[in-house]
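If you want the building blocks of each chain, they are given just below.
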Amino acid sequence: MSNSILEGRDAAGESTADDTVTNTAADSPASTTVMSMQQALNRALDEVLADNPKAVIFGEDCGRLGGVFRITDGLQAKHGAQRVFDTPLAESGILGMSVGLAMAGFHPIPEVQFDGFAYPAINQIVCQIARMNYRSRGTMPMPITLRVPSFGGIRAPEHHGESLEALFAHVPGLKVVSPSNPHEAYHLLKYAATRPDPVIFMEPKSRYWQKGEVDTARHDAGGGSPTGAKVMREGRHLTLVAWGAMVSRCLQVAELAAEDGIDIEVLDLRWLKPIDAEALAASVRKTRRAVVVHEAPLTSGLGAEVAQLITQSCFDTLKAPVERVTGFDVPYPSGDLEDEYIPNIDRILFGIQRVLEYKRG
Amino acid sequence: MAEISFPLPDLGEGLIEATVLEWLVSPGEQVERNQPLVEVETTKSAVELPSPQAGKVVRTYGGPGDKINVGEPLIVFEVPDNTAGIVGTVPKEEAPKRRVRLSAVLDED
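Order-wise, the sequence lines are chains A and B. Heads up: the first sequence at position 226 corresponds to 226 in the working numbering, and the numbers run straight through without jumps. Heads up: the second sequence at position 8 corresponds to 8 in the working numbering, and the numbers run straight through without jumps.
Calculated from the structure, these hints are not laboratory results. Mixed in with the good hints, there may be bad ones.
[To be verified] A short, non-exhaustive set of chain B residues, derived as facing chain A with CB atoms under 7 Å:
1. Ile86
2. Val87
3. Gly88
4. Val90
5. Arg98
6. Leu102
7. Ala104
[Claimed, not checked] DSS-like cross-link-like pairs, simulated, lysine-lysine; straight-line CA separation at most 30 Å:
8. Lys175(A) to Lys54(A)
9. Lys97(B) to Lys211(A)
10. Lys67(B) to Lys44(B)
11. Lys273(A) to Lys319(A)
12. Lys56(B) to Lys92(B)
13. Lys286(A) to Lys97(B)
14. Lys211(A) to Lys56(B)
15. Lys359(A) to Lys286(A)
16. Lys211(A) to Lys273(A)
17. Lys175(A) to Lys211(A)
18. Lys56(B) to Lys78(A)
19. Lys78(A) to Lys67(B)
20. Lys56(B) to Lys67(B)
21. Lys97(B) to Lys319(A)
22. Lys175(A) to Lys286(A)
23. Lys175(A) to Lys273(A)
24. Lys319(A) to Lys359(A)
25. Lys211(A) to Lys78(A)
26. Lys359(A) to Lys97(B)
27. Lys286(A) to Lys273(A)
28. Lys92(B) to Lys211(A)
Predicted, not measured: the structure shown is a model, and the values here were computed from it. Don't be surprised by glycine CBs; every beta carbon is placed ideally from N, CA and C.
Make a model of the complete structure from these sequences and hints.
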């Protein structure tokens, strides 16, 4: 890191000290370190527990074991078994207890161990967590950050590779977010865990062990916002919209497309509820072409919502209908078949080609 | 690299502790899944505990004659980061491969 970048950050730090900065060590020049997403999430939770005495973490194997993905590793030893603890194998109980704790003034950070294990807790999430604030006329907020190791890609058995974002995004009262890299994971989790509203935090489990630079002092060098979407790569010809583990794959695709002279912009949607319609519009107004990529099945997936938002804002200038490259309308397959299910590089390139060669009329 | 701790498992029949008789592996050693790790004695019998996984031994707890309670740490392994989760494995990251090429006449209007 050069001195000029550091100076720029310090200067910007004075003028943009608003809620966009999750600031813990702004004066430390060594605030950028390389870590995995697992380490970034672990550190974020550690700091949340230290900052907020009302924060409590619990779930299956979250306590003594430190989580099956080591996300809560060491937190019980450091913060005590009153604040980081194991629950019975009963997701309805985990989320039901979260409701009671939130009513009592705590900030619960529960975990359901895998995406597919959230189904037994849908009643608590939809009928209580999502609407308690509404039902109580704002007197009973539900500051609950539900961590869900999500999406596929780890060769796991059934119920361990599902993409539930459309299900959660459809429920009024819930917010949904998914980080794409360690830096985003650290800052988005710290931000989510300070919200007064329930946030479903979807961790891309296939990215847990990939390392990346994390600047713990500042979310973005330019003082960016922890809300909304984020341009991960600028381009002129087409916008790839993705979230979670698909962002890094789209960045790979963008590099390959550049070999063919196609300049692709990659937009990390980050927040899946609410969706940043302005960022979609700004990007596609420039590129005039869009492909949305997700692991979830096609029908009623979030890609349809994204396509509509783009069509609404860019209908007059779009060069082609928005393409969707997604999983298939089948139950998530076993690990041996998941590479055929999850959008791969060639399927994304085919989607881009369909948009590029579209002819009107 | 990541570390995984393996506690003394429940040996059944309501036993709550075991006494280490002899360690069959030592720190620094690479062990395979199901390889005998340690011989322990309970009030019922002496048993060899098989390794729950492959990995490099970082440290062991307790010497011959020491009692260890069920659930307390027994041994710590070092494993590559992408196998540190208990469920599933992450395929090795490879350089992106493609079969599809793009072609387009881009009018810049």
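Hint-by-hint comparison with the structure:
1. Ile86: 4 Å, holds
2. Val87: Where the cut-off is 7 Å and the nearest Cβ of chain A is about 5 Å from Val87(B), the hint holds.
3. Gly88: 3 Å, holds
4. Val90: Since the shortest Cβ distance to chain A is 5 Å, the answer is holds.
5. Arg98: 5 Å, holds
6. Leu102: With a minimum Cβ separation of about 4 Å from chain A (threshold 7 Å), the hint on Leu102(B) holds.
7. Ala104: 4 Å, holds
8. Lys175(A) to Lys54(A): Holds, because 21 Å separates the two Cα atoms, which is no more than 30 Å.
9. Lys97(B) to Lys211(A): Within the cut-off at roughly 21 Å; holds.
10. Lys67(B) to Lys44(B): 14 Å, holds
11. Lys273(A) to Lys319(A): 27 Å, holds
12. Lys56(B) to Lys92(B): Satisfied, since the Cα-Cα distance of roughly 20 Å is no more than 30 Å.
13. Lys286(A) to Lys97(B): Given pair Lys286(A), Lys97(B) holds - Cα atoms ~29 Å apart, limit 30 Å.
14. Lys211(A) to Lys56(B): Holds, at about 22 Å.
15. Lys359(A) to Lys286(A): 19 Å, holds
16. Lys211(A) to Lys273(A): Roughly 27 Å separates the two Cα atoms, so the pair holds.
17. Lys175(A) to Lys211(A): 27 Å, holds
18. Lys56(B) to Lys78(A): The hint holds at about 26 Å.
19. Lys78(A) to Lys67(B): Status holds; Cα separation ~25 Å.
20. Lys56(B) to Lys67(B): Status holds; Cα separation ~24 Å.
21. Lys97(B) to Lys319(A): Satisfied, since the Cα-Cα distance of roughly 28 Å is no more than 30 Å.
22. Lys175(A) to Lys286(A): Roughly 28 Å between the alpha carbons, so the hint for Lys175(A) and Lys286(A) holds.
23. Lys175(A) to Lys273(A): Holds - the C-alpha atoms of Lys273(A) and Lys175(A) are around 5 Å apart, at most 30 Å.
24. Lys319(A) to Lys359(A): 8 Å, holds
25. Lys211(A) to Lys78(A): This hinted pair holds, its Cα atoms lying about 24 Å apart.
26. Lys359(A) to Lys97(B): 29 Å, holds
27. Lys286(A) to Lys273(A): Roughly 24 Å separates the two Cα atoms, so the pair holds.
28. Lys92(B) to Lys211(A): 13 Å, holds
Violation of the numbered hints given earlier is absent; every hint is satisfied by the structure.
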